[in-house]
Amino acid sequence: MHNPQLDKDGRLKHLLSIEGLPKKILNQILDTAESFVGVAEREVKKVPLLRGKTVCNLFFENSTRTRTTFEIAAKRLSADVISLNVGTSSQSKGETILDTVDNLIAMHADMFVVRHSQSGAAHFIAKHVPDHIHVINAGDGRHSHPTQGLLDVFTIRKYKPELHNLKVAIVGDVLHSRVARSEIHALTTLGVPEVRVIAPKTLLPAHVEKLGVQVFLDMKSGLKDVDVVMMLRLQNERMNGALLPSAQEYFKTYGLTQDKLNLAKPDAIVLHPGPMNRGVEIDSSVADGAQSVILPQVTYGIAIRMAVMAILAGGTGHASHGQTNQDTAS
Amino acid sequence: MTTPSHPLPNAENLLRALAQKLAPLLQDNTALVGIHSGGVWLMQRLQELLKDTIAAKGIEIGSLDVSFYRDDYAKRGLKPENRPSQIPFDVDNKHIILIDDVFYTGRTTRAALNELFDYGRPASVTLVALINRGGRELPIAPQIVAAELPLESHQNLQLIQNNDGTLSLELINHTPKTYA
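In order, the protein sequences belong to chains A and B. Just so we're aligned: the first sequence equals residues 11 to 340 in the numbering used here. Just so we're aligned: the second sequence equals residues 141 to 320 in the numbering used here.
Since the hints were made in silico from the structure, they are not lab data. In this text the structure is predicted, and so the values were computed from the model without any measurement. Treat each hint with caution, since some may be false.
[Unchecked claim] List time: in silico DMTMM-like cross-link candidates among lysine to aspartate or glutamate, alpha-carbon distance up to 20 Å:
1) B:K215 x A:E29
2) A:K56 x B:E310
3) A:K56 x B:D230
4) A:K63 x B:D211
5) A:K56 x B:E288
6) A:K168 x A:D277
7) A:K85 x B:D258
8) A:K85 x B:E221
9) A:K55 x B:D211
10) A:K56 x B:D258
11) A:K55 x B:D230
12) B:K215 x A:D17
13) A:K55 x B:D258
14) B:K215 x A:D141
15) A:K137 x A:D19
16) A:K34 x B:E221
17) A:K168 x B:E221
18) B:K215 x A:D120
19) A:K63 x B:D212
20) A:K56 x B:D212
21) A:K33 x B:D212
[Claimed, not checked] A few chain A residues that don't get close to chain B, going by computed Cβ distances all over 10 Å:
22) N13
23) Y169
24) N175
25) P255
For every residue, glycine included, the Cβ atom is placed at its ideal position computed from N, Cα and C.
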């Protein structure tokens, strides 16, 4: 089957979802991000890879953290960055997505980072753009948020390098979460043997176990002996419908407190993609506690986004990727 | 494909010759920086051979992977295997000895210099290579080499790290090939 994310030589051309990406490419992104972590700790935090390239952040849906980290990542690669909050510009005047994209291509954009409330928006743009232009999905509807999934597994790998020995629990609103979907695909592709989801039935998609996860309806059994707890954000708008009784009730049952975290392994780590609802899905003492790696996630998010952009933007020439020795000669 | 057209020097002999030439350069405030991969292997062996001086003078050790600074990125993309550079000391005012295995076009050195200067402003940089194979394309040349071995452009000289940690050289003759 044709995978729109890969070119004919199997190289990454767009990053649209983790689903369908081979383990080799996921590892290439993670390993490259490892090199970029060091760059951020230097006097000069920039490398010249994307000098002369223009990266367009196209955010049809709001997001401060994702947009900011993509912007920092592009700037640390020396790209020029334009961040468009499309909701507030031409779209509100009636321009179609593809017209917006075409106009930016006419301005010589080289890469698009796309966030949209509709699932499939990034695929749609990727199908439309000419060959030399790359598209990164920064979150589309309930479908996918690949760089978040990658930065989460990168963070896990930093603290727990033995991925093939881990038990990981994903807790919360799996139903509406593109983050959860990306995390599940990343973890299972990389060989994590036990991925659990813990949520009330109303927040679980039908047939979620087909993604290769074990389903738990309560924290007590679900968190037992896990190495990693990945919390999901509970979107406030879900609270008013029939899905959940109240924030207080949710916190009591599914909110991560230290007491519940103590069911996991003593050295378990806690992740959250942000923004956090303190006192709803996570207790402040856990969010700020010794087992929390929530702020390192943000730092590593920049390295992951740099790695993805660097892998996408290079090698637009026709040379094959299989390097001969001559290529690397000094 | 491997057909050595003339006898290759013994890498271990060259290594010892290089260590002798390098020893007088190891002064206070000096750091050794190997360029991945061959330069790092070479540096590790030099560290063993010069370990007393290195300890006495407090010589710092680092490594560079120049993947993010290569001038062929736009054409060839990022190498799939790249590693973090490690410069665990303050580069400012250090005398840096940059170590590469085989000096050829000078482009790797250019990339390494650019990366190094993103860490700080060294007092000086000296380039050391095991072999200068000729064919430089930039106004850059190693100050210290163990051997000069002029080769044709379709030939590729590679440093190999054997399982026991010793080094050897391999010459590969490519069918002349042009890149678009």
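Practice task
Taking the shortest Cβ-to-Cβ distance between Y169 of chain A and chain B, state whether it exceeds 10 Å.
Solution key: holds, 17 Å
Practice task
Assess, step by step, whether the Cα of K33 of chain A is no farther than 20 Å from the Cα of D212 of chain B, and give holds or violated.
Solution key: It is violated: about 26 Å lies between the C-alpha atoms, which goes past 20 Å.
Problem - Interface-negative label, N13 of chain A against chain B, beta-carbon threshold 10 Å - result: The assertion about N13 of chain A holds, with a minimum of 18 Å to chain B.
Practice task
Decide if the proposed pair is consistent with the structure: K215 of chain B and E29 of chain A, CA atoms, cutoff 20 Å inclusive.
Solution key: Not OK: K215 of chain B and E29 of chain A at ~28 Å, beyond 20 Å, violated.
Practice task
Take a quick look at whether K56 of chain A and D212 of chain B sit within 20 Å of each other, Cα to Cα.
Solution key: holds, 18 Å
Practice task
Quickly compare the C-alpha distance for K63 of chain A and D211 of chain B to 20 Å and report which way the hint goes.
Solution key: holds, 15 Å
Practice task
Mind verifying the non-interface call on N175 of chain A? Its CB should be farther than 10 Å from each CB in chain B.
Solution key: holds, 24 Å
Problem - Given pair status - E221 of chain B, K34 of chain A, alpha carbons within 20 Å - result: holds, 11 Å
Handout entry: Pairwise hint evaluation, D258 of chain B against K85 of chain A, where the allowed Cα distance is 20 Å at most
Key = Holds, at about 15 Å.
Exercise for the section: For the pair we were handed, K56 of chain A and E310 of chain B, check the Cα-Cα distance against 20 Å. Expected result: Outside the cut-off at roughly 36 Å; violated.
Problem - 20 Å limit on alpha-carbon distance, applied to hinted pair K168 of chain A and E221 of chain B - result: holds, 18 Å
Practice task
Would you check the hint for K55 of chain A and D258 of chain B, treating anything up to 20 Å between C-alpha atoms as holding?
Solution key: holds, 8 Å
Of the hints listed earlier, those the structure fails to meet are numbers 1, 2, 5, 8 and 21, in rising order.
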